[in-house]
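J.: Chains A and B supply the protein sequences, listed in that same order. With the working numbering as the guide, the letters of the first sequence map in order to residues 1350 to 1463. With the working numbering as the guide, the letters of the second sequence map in order to residues 7 to 118.
Think of the hints as simulated: they come from the structure by calculation, not from any bench. Even for Gly, the Cβ is constructed at its ideal location relative to N, Cα and C. Any given hint could be a false lead.
Stated by the list, open to error - Not everything, but these chain A residues come out facing chain B in the computed CB check (under 10 Å): (1) Gln1394; (2) Tyr1399; (3) Lys1418; (4) Glu1437; (5) Lys1450.
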Amino acid sequence: AQSVTQLGSHVSVSEGALVLLRCNYSSSVPPYLFWYVQYPNQGLQLLLKYTSAATLVKGINGFEAEFKKSETSFHLTKPSAHMSDAAEYFCAVSGYSSASKIIFGSGTRLSIRP
Amino acid sequence: GAGVSQSPSNKVTEKGKDVELRCDPISGHTALYWYRQSLGQGLEFLIYFQGNSAPDKSGLPSDRFSAERTGGSVSTLTIQRTQQEDSAVYLCASSLLGSPLHFGNGTRLTVT
Chain A
1350 AQSVTQLGSH VSVSEGALVL LRCNYSSSVP PYLFWYVQYP NQGLQLLLKY
1400 TSAATLVKGI NGFEAEFKKS ETSFHLTKPS AHMSDAAEYF CAVSGYSSAS
1450 KIIFGSGTRL SIRP
Chain B
7 GAGVSQSPSN KVTEKGKDVE LRCDPISGHT ALYWYRQSLG QGLEFLIYFQ
57 GNSAPDKSGL PSDRFSAERT GGSVSTLTIQ RTQQEDSAVY LCASSLLGSP
107 LHFGNGTRLT VT
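Looking at chain B on its own, in the form it has when it is part of the complex:
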């Protein structure tokens, strides 16, 4: 079956613009994560959705970042008024409860 799909694969935007990143998880996976990967910084946790529970937003770096997951499936990460320090690869992962994470190929965001 299809894996985790992220779009776009690359996004170049001007500082101050808003961007939306999309994640299509594996069908039936109840858990969905967003991470940010910067050079030398590892995987920074951003937000975690699990079933119908309230999302764990404790990793979002500022109020410019938000995410939603509609119908327990597709998720969108929105960054408002982008800054140069937002440049990174944004990774989405999904899983069944207690099972290994399946990662997408990521969206490389470049803020100019």
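Pulled out of the complex, with its shape left as it was, chain A reads as follows:
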């Protein structure tokens, strides 16, 4: 079975500061890992995904995430926050099979201070 835990339901950073959103996973098999973003009043869209090709994954809008097996983590980072990054971010996991269902975390709301 797979599950994800997102630490911090709400993160607030200043514009230009580092963004770090934490995600830890549990999986009985090698996982696929994802970050999705939901901007205000919009649907969810994929930011990036890890499928074992490379441990550092780059996504859209300057975000990246690093898969660390020893820490069972897949934290999302961005060097410099923009006001437009304010959104809800969801980490998700599925088994190492494209037929496995995708399970989402509880989400982290990112606020950006001017």
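Since the structure of chain A is already known, use the hints to place chain B on it.
T.: Chain B in isolation, oriented as in the chain A frame:
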């Protein structure tokens, strides 16, 4: 092409009534998911259809919830004898096998 379409976008119903929520996935997508999004609860997995395989119903919260997918395309989520705790946004997503999920805009269900 068209994205994932869900209807209705909003539904207000009285406690005890049955409701049906519809999802039209992207044409050709073999995988279809239903999730429930409540304030502060993230996305709760409900059910997963993949091709002709038996659906994974492990997330359905009670036997009042059921879903079907006809002809490998349109899906309907049915909630019988609705309760106030069923109030949430119900999201449908579809994908090709192994590809990112495409989400619909959801159905906001309010049980009064």
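J.: Would you mind marking each hint as holding or not holding in the structure?
T.: Hint by hint, here is what the structure shows:
A cut of 10 Å between beta carbons decides the hint on Gln1394/A: the least distance to chain B is about 8 Å, and the hint holds. Of the supplied interface hints, the one on Tyr1399/A is violated, with its beta-carbon coming no nearer than about 12 Å to a beta-carbon of chain B, more than 10 Å. Because the beta carbon of Lys1418/A sits about 21 Å from the nearest beta carbon in chain B, more than 10 Å, this interface hint is broken. The beta carbon of Glu1437/A comes within 9 Å of a beta carbon in chain B, closer than 10 Å, and the hint placing it at the interface holds.
The closest approach between the C-beta of Lys1450/A and any C-beta of chain B is roughly 4 Å, which is under the 10 Å cut-off, so the hint is satisfied.
Hint violations for this structure: numbers 2, 3, all remaining hints satisfied.
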